[in-house]
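**Q** Here is how the chains run, residue by residue.
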Amino acid sequence: MSKTLFDKVWDTHVVRKIEGGPDVLFIDRHLIHEVTSPVAFLGLKSRGIKVLYPERTFATADHNTPTINQHLPVADPLSANQLKALEQNSREYGISHWGLGHQKNGIVHVVGPEYGITQPGATIVCGDSHTSTHGAFGAIAFGIGTSEVEMVLSTQCIMQPKPKKMRINVTGQLSKGVTPKDVALFIISKLTTSGATGYFVEYAGEVFEKMSMEGRMTVCNLSIEMGARGGMIAPDETTFNYVQGREFTPKGEAWDKAMAYWKTLKTDADAVFDIEYTYDGSAIEPMITYGTNPGMGIGISNHIPDAKEVEGGVATYEKSLGYMDFHQGDSMIGKKVDYVFVGSCTNGRIEDFRAFASLVKGKKKAENVTVWLVPGSHIVESQIKEEGILDILTEAGFTLRQPGCSACLAMNDDKVPAGKYAVSTSNRNFEGRQGPGARTMLASPLVAAAAAVTGKVTDPRTLLA
Amino acid sequence: MAYDKFTILTSTAVPLPIENVDTDQIIPARFLKATERVGFGDNLFRDWRYNPDNTPKADFVLNDPTYTGKILLGGKNFGSGSSREHAAWAVYDYGFRAVVSSFFADIFKNNCLNIGVLPVQVSPEFLQKIFDAVYADPKTELEIDLPAQTITLSPTGEKESFDISSYKKDNMQNGFDDIDYLQNIKTEIQEFATHLPL
Chain A
60 MSKTLFDKVW
70 DTHVVRKIEG
80 GPDVLFIDRH
90 LIHEVTSPVA
100 FLGLKSRGIK
110 VLYPERTFAT
120 ADHNTPTINQ
130 HLPVADPLSA
140 NQLKALEQNS
150 REYGISHWGL
160 GHQKNGIVHV
170 VGPEYGITQP
180 GATIVCGDSH
190 TSTHGAFGAI
200 AFGIGTSEVE
210 MVLSTQCIMQ
220 PKPKKMRINV
230 TGQLSKGVTP
240 KDVALFIISK
250 LTTSGATGYF
260 VEYAGEVFEK
270 MSMEGRMTVC
280 NLSIEMGARG
290 GMIAPDETTF
300 NYVQGREFTP
310 KGEAWDKAMA
320 YWKTLKTDAD
330 AVFDIEYTYD
340 GSAIEPMITY
350 GTNPGMGIGI
360 SNHIPDAKEV
370 EGGVATYEKS
380 LGYMDFHQGD
390 SMIGKKVDYV
400 FVGSCTNGRI
410 EDFRAFASLV
420 KGKKKAENVT
430 VWLVPGSHIV
440 ESQIKEEGIL
450 DILTEAGFTL
460 RQPGCSACLA
470 MNDDKVPAGK
480 YAVSTSNRNF
490 EGRQGPGART
500 MLASPLVAAA
510 AAVTGKVTDP
520 RTLLA
Chain B
382 MAYDKFTILT
392 STAVPLPIEN
402 VDTDQIIPAR
412 FLKATERVGF
422 GDNLFRDWRY
432 NPDNTPKADF
442 VLNDPTYTGK
452 ILLGGKNFGS
462 GSSREHAAWA
472 VYDYGFRAVV
482 SSFFADIFKN
492 NCLNIGVLPV
502 QVSPEFLQKI
512 FDAVYADPKT
522 ELEIDLPAQT
532 ITLSPTGEKE
542 SFDISSYKKD
552 NMQNGFDDID
562 YLQNIKTEIQ
572 EFATHLPL
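First to last, the protein sequences are chains A and B. Residue numbers for the first sequence follow the working numbering, beginning at 60 and rising by one. Residue numbers for the second sequence follow the working numbering, beginning at 382 and rising by one.
One or more of the hints may lead you astray.
Unchecked claim - Straight line, CA to CA, 20 Å or less: simulated SDA-like cross-link-like pairs of lysine to any residue:
#: 1; chain 1: B; residue 1: K438; chain 2: A; residue 2: A374
#: 2; chain 1: A; residue 1: K104; chain 2: B; residue 2: P536
#: 3; chain 1: B; residue 1: K414; chain 2: A; residue 2: A144
#: 4; chain 1: A; residue 1: K109; chain 2: B; residue 2: E572
#: 5; chain 1: A; residue 1: K367; chain 2: B; residue 2: P398
#: 6; chain 1: B; residue 1: K438; chain 2: A; residue 2: R75
#: 7; chain 1: A; residue 1: K325; chain 2: B; residue 2: P398
#: 8; chain 1: A; residue 1: K76; chain 2: B; residue 2: I566
#: 9; chain 1: A; residue 1: K109; chain 2: B; residue 2: I570
#: 10; chain 1: A; residue 1: K322; chain 2: B; residue 2: G538
#: 11; chain 1: B; residue 1: K414; chain 2: A; residue 2: K378
#: 12; chain 1: B; residue 1: K414; chain 2: A; residue 2: L142
#: 13; chain 1: A; residue 1: K67; chain 2: B; residue 2: P578
#: 14; chain 1: B; residue 1: K414; chain 2: A; residue 2: P125
#: 15; chain 1: A; residue 1: K76; chain 2: B; residue 2: F557
#: 16; chain 1: A; residue 1: K109; chain 2: B; residue 2: F573
#: 17; chain 1: A; residue 1: K143; chain 2: B; residue 2: R411
#: 18; chain 1: A; residue 1: K109; chain 2: B; residue 2: T568
#: 19; chain 1: A; residue 1: K76; chain 2: B; residue 2: E541
#: 20; chain 1: B; residue 1: K567; chain 2: A; residue 2: R75
#: 21; chain 1: B; residue 1: K567; chain 2: A; residue 2: Y152
#: 22; chain 1: A; residue 1: K316; chain 2: B; residue 2: P578
#: 23; chain 1: B; residue 1: K414; chain 2: A; residue 2: D135
#: 24; chain 1: B; residue 1: K510; chain 2: A; residue 2: F307
#: 25; chain 1: A; residue 1: K325; chain 2: B; residue 2: P578
#: 26; chain 1: A; residue 1: K104; chain 2: B; residue 2: A383
#: 27; chain 1: A; residue 1: K378; chain 2: B; residue 2: P578
#: 28; chain 1: B; residue 1: K414; chain 2: A; residue 2: K67
#: 29; chain 1: B; residue 1: K414; chain 2: A; residue 2: P132
#: 30; chain 1: B; residue 1: K414; chain 2: A; residue 2: D472
#: 31; chain 1: B; residue 1: K414; chain 2: A; residue 2: P495
#: 32; chain 1: A; residue 1: K109; chain 2: B; residue 2: K438
#: 33; chain 1: A; residue 1: K221; chain 2: B; residue 2: K510
#: 34; chain 1: A; residue 1: K310; chain 2: B; residue 2: K550
#: 35; chain 1: A; residue 1: K76; chain 2: B; residue 2: H576
#: 36; chain 1: B; residue 1: K414; chain 2: A; residue 2: Q129
#: 37; chain 1: A; residue 1: K104; chain 2: B; residue 2: Y384
Don't read these hints as lab results, they were simulated from the structure.
Model the full structure from these sequences, guided by the hints.
**A** Now the structure itself:
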């Protein structure tokens, strides 16, 4: 029978099917961080059980870490305690731990691929919804709750009903100034924040075939923002070239064997999806959000739509615009910006900083804007320095912070103050996400760069050479 | 983690007719710093419930003594966003045992089922009827019958069926979680692991 890429990877990992219930799914790789794992370890302790395969779990601290002065003790006692718990639990159960100050420390969804933990055909979970990022490699990757973290630690399995299958095709060529982030925000604006709930997505078509691994990770990362459990892209030469030679990827004969298997990981020509969408990539423009969920996005040159044109309740829509202090019919161009954040598991990779630098080169940071540039990992940080990007940033008046999730969820001190507007390359514009009362506009690194040098929402295409 | 068994719940309900209620509203990230499962109920809907100076916001439903009960009524796409199980813990620890909506986000729904909160998905029309009835009379009781998989508006007897897998239903009725199940098939899992393609 014909199978989709998703079917192939899923079915290979089903230990047992339960009649009238979920599948027992074997998990190849498990990533943990300080925030969603402590209670899972407490569960193991209270049940008196061990970690079944400690070598399949990797720990990094990222959600709740400072992004300056990482060499100093963490000031917030609750945060320090959480970091200590991750370290102690990892040591006690024999799990690799990449804590604060470790060379491999960084955002879990950035370092996983960088060290080759993420591989085609694997099942990967983490107590974080943006685990969907790893689907860029043709893996089935999705976020889980803490109870499930405990399941994976204790049995390397979780229990999941098999999702339905959706394919999203984006054809044609992207225009200048349009990035993978814009493609994702465009799709979410079409499907809404719940339009893919219950589905697992495969992204296909020319736009994704031509996309770099960094770009594919950005797109798959945002799958959860339309409700999908995850999204994936069939592995190809771009994928294999990225994966080869990394610390945890197979070597020698094992590599050849892996390659032979990975090349089979594509959707069969006559395989059927439960639902399919096709969009013209050339029609996508740089995107920006105006509301309080990622589905509330528009092309940057557009005006905020009327409530009656938008799916969902009018009351909810008005609450959302009220929170942002925006109005129906407003132009997004020219909106005031107080903060710019470039980073996160969505856009904290080297390409994102290259894009930001390409626009700010030779310009100056706008005086009214506070800008936080936060690399996703130490590897990204090193690349920024080695490629001369830091010099461009410094010349333009920007500074670089240290790796972590930072203002994406504002668990640490990187909080946007109440009432202030931020253009953010992160993934969520929920009320208070970047700090109580903070107002977030999600956009690409290029739109963030344009805001950083002009102090307002600006179409990056007007500034690109 | 063990939770109280769920069979039939008869209770008044607390209405929150907002769509796309995300987990950052249910429990903001800055309250995720605990290393134990304590105190999350106090911070349920923290920023909708309290002013920045920690005084209660009078217009938020959890601060309105008119509405009480063990059932939370939410708008479409309840629980979107982050995978934080803390959101489900906050709902449970506050005292809710069921959330009724016309649509749930996936991970939140899963998390609820794993910790003993029953997500009850009804049609948009029936949800509206429930909201209307509760607003008309806050003492209106709902009966959620898990064995029968029905939810009934007590005054009128109008009811609707809801879906739940027989496996999860059995778990909820007995207070079991998936770890109990998985522990019992560990040998099968270890055998399976020796046959993976890579």
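**Q** Each hint: holds or not?
**A** A quick look at each hint next to the structure:
Restraint check for K438/B and A374/A: the C-alpha separation of about 19 Å stays at or below 20 Å, so the hint holds. The suggested pairing of K104/A with P536/B is violated, with an alpha-carbon distance near 47 Å, which exceeds 20 Å. With a C-alpha separation of about 11 Å, the suggested pair K414/B and A144/A falls inside the 20 Å cut-off, and the hint holds. Between K109/A and E572/B, the direct Cα distance comes to roughly 18 Å. Compliance with the 20 Å bound is thereby established for this hinted pair.
A C-alpha spacing of about 18 Å is found between K367/A and P398/B, which places the hinted pair at or below 20 Å, so the restraint holds. Taking the CA atoms of K438/B and R75/A, the gap is about 49 Å. The hint is violated against a cut of 20 Å. With a C-alpha separation of about 43 Å, the suggested pairing of K325/A with P398/B is violated against the 20 Å cut-off. About 12 Å separates the Cα atoms of K76/A and I566/B, which keeps this hinted pair within 20 Å; it holds.
Under the criterion of a C-alpha separation no larger than 20 Å, the hint pairing K109/A with I570/B is consistent with the structure, at around 15 Å. Proximity of K322/A to G538/B is assessed by CA-CA distance (about 58 Å); at most 20 Å being required, the pair is judged violated. This hinted pair does not check out: K414/B and K378/A have alpha carbons roughly 29 Å apart, beyond 20 Å. About 10 Å separates the Cα atoms of K414/B and L142/A, which keeps this hinted pair within 20 Å; it holds.
A C-alpha spacing of about 11 Å is found between K67/A and P578/B, which places the hinted pair at or below 20 Å, so the restraint holds. At roughly 14 Å between alpha-carbon atoms, K414/B and P125/A fall within 20 Å of each other, so this suggested pair holds. A C-alpha spacing of about 19 Å is found between K76/A and F557/B, which places the hinted pair at or below 20 Å, so the restraint holds. The hinted pair formed by K109/A and F573/B meets the criterion: a straight-line CA distance of about 19 Å does not exceed 20 Å.
A C-alpha spacing of about 18 Å is found between K143/A and R411/B, which places the hinted pair at or below 20 Å, so the restraint holds. Note on K109/A and T568/B: the hinted pairing holds, with a Cα-Cα distance of about 14 Å set against a maximum of 20 Å. With a C-alpha separation of about 29 Å, the suggested pairing of K76/A with E541/B is violated against the 20 Å cut-off. Distance restraint check for K567/B and R75/A: the Cα-Cα separation of roughly 12 Å lies within the 20 Å cut-off, and the hinted pair is therefore satisfied.
Simply put, K567/B and Y152/A have alpha-carbon atoms about 18 Å apart, close enough for the 20 Å limit, and the pair holds. Proposed proximity of K316/A and P578/B is supported: the alpha carbons are some 9 Å apart, at most 20 Å. Between K414/B and D135/A the alpha-carbon distance is near 10 Å, which keeps this suggested pair within the 20 Å criterion. Using a Cα cut-off of 20 Å, the hinted pair K510/B and F307/A is violated, with the two alpha carbons roughly 55 Å apart.
This hinted pair checks out: K325/A and P578/B have alpha carbons roughly 16 Å apart, not beyond 20 Å. Proximity of K104/A to A383/B is assessed by CA-CA distance (about 14 Å); at most 20 Å being required, the pair is judged to hold. Between the alpha carbons of K378/A and P578/B the distance comes to roughly 51 Å, so the proposed pair goes past 20 Å and is violated. For the given pair, K414/B sits about 38 Å from K67/A by alpha-carbon distance, which is inconsistent with the 20 Å threshold.
For the given pair, K414/B sits about 17 Å from P132/A by alpha-carbon distance, which is consistent with the 20 Å threshold. Restraint check for K414/B and D472/A: the C-alpha separation of about 13 Å stays at or below 20 Å, so the hint holds. Taken as a hint, the K414/B and P495/A pair is honoured in the structure, with Cα atoms around 16 Å apart against an allowance of 20 Å. Only pairs whose Cα atoms come within 20 Å are accepted, and K109/A paired with K438/B is rejected, the gap being roughly 45 Å.
Of the pairs offered as hints, the one joining K221/A and K510/B is violated, with about 32 Å between alpha carbons and a cut-off of 20 Å exceeded. Proposed proximity of K310/A and K550/B is contradicted: the alpha carbons are some 46 Å apart, above 20 Å. With a C-alpha separation of about 17 Å, the suggested pairing of K76/A with H576/B holds against the 20 Å cut-off. Taken as a hint, the K414/B and Q129/A pair is honoured in the structure, with Cα atoms around 18 Å apart against an allowance of 20 Å.
The suggested pairing of K104/A with Y384/B holds, with an alpha-carbon distance near 17 Å, which does not exceed 20 Å.
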